[in-house]
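S.K.: Sequence:
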Amino acid sequence: MKDRMQELKHGKETTEEEDEVAVGMDKGFMDEFFEQVEEIRGFIESLAEKVEEVKRKHSAILASPNPDEKTKAELEDLMADIKKLANKVRSKLKSIQQTIEQEEGQNRSSADLRIRKTQHSTLSRKFVEVMSEYNTTQSDYRERCKGRIQRQLEITGRNTTNDELESMLESDNPAIFTSGIIMDNITQQAMNEIETRHNEIIKLENSIRELHDMFMDMAMLVESQVKTLILSLSHFPQLCGLGLSQMHANEPNLKSDKYASTLTIHLQNYNKFAVSMCRIVIVKGVRLLQRFSSLTG
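Following UniProt numbering from start to finish, the sequence shown increments by one per residue and tops out at 297.
If you're looking for bench data, these hints aren't it; they were derived computationally from the structure. Among these hints, one or two may not hold up.
[What the hints assert, rightly or not] Below, in silico cross-link-like pairs of lysine-lysine (BS3-like), each with a Cα-Cα straight-line distance of 27 Å or less: (1) LYS94 <-> LYS83; (2) LYS88 <-> LYS50; (3) LYS83 <-> LYS117; (4) LYS88 <-> LYS72; (5) LYS126 <-> LYS55; (6) LYS50 <-> LYS203; (7) LYS203 <-> LYS146; (8) LYS70 <-> LYS203; (9) LYS57 <-> LYS146; (10) LYS50 <-> LYS84; (11) LYS88 <-> LYS117; (12) LYS50 <-> LYS146; (13) LYS94 <-> LYS117; (14) LYS57 <-> LYS126; (15) LYS203 <-> LYS88; (16) LYS50 <-> LYS92; (17) LYS70 <-> LYS83; (18) LYS146 <-> LYS92; (19) LYS94 <-> LYS146; (20) LYS57 <-> LYS72; (21) LYS83 <-> LYS203; (22) LYS72 <-> LYS117; (23) LYS126 <-> LYS84; (24) LYS117 <-> LYS57; (25) LYS88 <-> LYS57; (26) LYS146 <-> LYS88; (27) LYS84 <-> LYS55.
[Stated by the list, open to error] Restraint-style ranges between C-beta atoms, simulated for each label pair: (28) LEU113 <-> ASP81: 30 to 38 Å; (29) GLU53 <-> GLU166: 22 to 30 Å; (30) GLU104 <-> ARG151: 25 to 33 Å; (31) GLY157 <-> ASP81: 40 to 48 Å; (32) GLY147 <-> PHE34: 42 to 50 Å; (33) THR136 <-> ASN199: 35 to 43 Å; (34) SER91 <-> ARG151: 20 to 28 Å.
Since the model is a prediction, treat every value here as computed from it, not as a measurement. For every residue, glycine included, the Cβ atom is placed at its ideal position computed from N, Cα and C.
The task is simple: from the sequences and hints, build the whole structure.
M.R.: Below you can see the structure in the form of structure tokens.
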């Protein structure tokens with residue numbers, strides 16, 4: 001009997017040691033995960049700053065009929081940096097997503113997993129917002145360049161419809177803008193600006209094409225999050241209703257009817273607030289999805 005007790009005691013000690021090792025491993029893994037989260041957050045903040053700098057470069061270039069080469073080179077460098085950094089964030093977010101999906105496939109459920117899913121969702125949403133702003137910035141810049149080209153064409157005596165201008169912009173041959181135009185000093189200046197703006201549009205569209213795959217991934221991410229939110233929204237009223245019914249069932253055990261009434265009001269208000277917030281986020285997600293579909297369609 002004594003030997004058996006020693007075995008059981010030894011087994012208990014071994015189990016406790018294994019639990020401590022497991023907890024230590026989980027803690028180490030989560031520490032590493034949070035370091036990764038901070039790194040990604042820093043990358044996204046850097047992206048947001050670079051997008052703001054791109055806006056300033058756009059304004060500087062549009063302010064001059066013949067912008068200096070240094071400013072244009074700085075804009076190209078910024079766009080290259082954004083592409084590189086965005087792809088890095090995309091890769092890291094996909095890696096986290098794959099790890100989460102593997103654990104979900106093994107039917108694992110833990111507080112750590114829920115934390116990682118929440119952090120991943122938050123980072124993904126912020127990344128989508130920043131890149132959506134970048135997309136809007138690029139689209140606005142294209143429209144402003146296009147407007148300048150149209151005004152300069154009018155100076156040369158050539159009026160174009162929007163469709164005609166779009167067809168001209170799709171051409172890589174700048175001579176298409178000078179066809180049938182008699183040159184003088186004024187028209188030459190106008191044609192110089194047209195060529196400058198056309199070159200900017202070509203660079204811009206090349207940049208957008210290079211980011212096409214990433215925008216596709218982001219569109220799918222937004223769609224997935226919208227579906228998840230819609231599903232959550234469909235279940236939320238029932239869950240809140242269940243919580244209220246359980247509270248009322250236990251109402252006789254509560255010390256105060258006043259306390260029960262206050263708690264009921266809080267739960268009802270929370271229900272309305274949460275549903276409202278879910279709807280806002282869903283609408284925002286759908287708008288982002290529509291915005292990306294213009295690039296990926």
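S.K.: Evaluate each hint against the coordinates.
M.R.: Okay, the hints, checked on the actual structure:
In summary, the hint linking LYS94 to LYS83 is supported, as the alpha carbons are separated by about 16 Å, within the 27 Å threshold. Our distance criterion of 27 Å between C-alpha atoms is met by LYS88 and LYS50, whose separation comes to about 15 Å. Under the criterion of a C-alpha separation no larger than 27 Å, the hint pairing LYS83 with LYS117 is consistent with the structure, at around 25 Å. Only pairs whose Cα atoms come within 27 Å are accepted, and LYS88 paired with LYS72 is accepted, the gap being roughly 25 Å.
Proximity of LYS126 to LYS55 is assessed by CA-CA distance (about 19 Å); at most 27 Å being required, the pair is judged to hold. Distance check on the hinted pair: LYS50 and LYS203 sit about 18 Å apart at the alpha-carbon level, within 27 Å; holds. Distance restraint check for LYS203 and LYS146: the Cα-Cα separation of roughly 13 Å lies within the 27 Å cut-off, and the hinted pair is therefore satisfied. With a C-alpha separation of about 16 Å, the suggested pairing of LYS70 with LYS203 holds against the 27 Å cut-off.
Between the alpha carbons of LYS57 and LYS146 the distance comes to roughly 17 Å, so the proposed pair stays at or under 27 Å and holds. Simply put, LYS50 and LYS84 have alpha-carbon atoms about 12 Å apart, close enough for the 27 Å limit, and the pair holds. As the CA atoms of LYS88 and LYS117 are separated by approximately 19 Å, the hinted pair is consistent with the 27 Å bound. In summary, the hint linking LYS50 to LYS146 is supported, as the alpha carbons are separated by about 24 Å, within the 27 Å threshold.
Our distance criterion of 27 Å between C-alpha atoms is met by LYS94 and LYS117, whose separation comes to about 12 Å. A C-alpha spacing of about 23 Å is found between LYS57 and LYS126, which places the hinted pair at or below 27 Å, so the restraint holds. With a CA separation close to 22 Å, the supplied pair LYS203 and LYS88 stays within the 27 Å bound. Distance restraint check for LYS50 and LYS92: the Cα-Cα separation of roughly 19 Å lies within the 27 Å cut-off, and the hinted pair is therefore satisfied.
As the CA atoms of LYS70 and LYS83 are separated by approximately 20 Å, the hinted pair is consistent with the 27 Å bound. Distance restraint check for LYS146 and LYS92: the Cα-Cα separation of roughly 36 Å exceeds the 27 Å cut-off, and the hinted pair is therefore not satisfied. Taking the CA atoms of LYS94 and LYS146, the gap is near 36 Å; set against the 27 Å cutoff, the hint is violated. Annotation: proposed proximity of LYS57 to LYS72 holds, straight-line Cα distance about 8 Å (limit 27 Å).
This hinted pair checks out: LYS83 and LYS203 have alpha carbons roughly 14 Å apart, not beyond 27 Å. For the hint linking LYS72 to LYS117, the alpha-carbon distance of about 41 Å lies beyond 27 Å, and the restraint is violated. At roughly 17 Å between alpha-carbon atoms, LYS126 and LYS84 fall within 27 Å of each other, so this suggested pair holds. Distance restraint check for LYS117 and LYS57: the Cα-Cα separation of roughly 37 Å exceeds the 27 Å cut-off, and the hinted pair is therefore not satisfied.
Proposed proximity of LYS88 and LYS57 is supported: the alpha carbons are some 24 Å apart, at most 27 Å. The suggested pairing of LYS146 with LYS88 is violated, with an alpha-carbon distance near 32 Å, which exceeds 27 Å. Between LYS84 and LYS55 the alpha-carbon distance is near 18 Å, which keeps this suggested pair within the 27 Å criterion. Roughly 34 Å separates the CB atoms of LEU113 and ASP81, a value that falls within the hinted 30 to 38 Å.
Against the hinted window of 22 to 30 Å, the Cβ-Cβ separation of GLU53 and GLU166 comes to about 29 Å, which satisfies the hint. Roughly 56 Å separates the CB atoms of GLU104 and ARG151, a value that falls outside the hinted 25 to 33 Å. Distance hint for GLY157 and ASP81: a CB-CB separation of about 42 Å, consistent with the stated range 40 to 48 Å. Checked against the hint of 42 to 50 Å, the C-beta distance between GLY147 and PHE34 comes to roughly 47 Å, which is consistent with it.
In this structure the supplied range 35 to 43 Å is violated for THR136 paired with ASN199, their Cβ-Cβ distance being about 22 Å. Between SER91 and ARG151, the C-beta spacing of about 42 Å breaks the proposed range 20 to 28 Å.
Violated hints for the displayed structure, listed by number in ascending order: 18, 19, 22, 24, 26, 30, 33 and 34.
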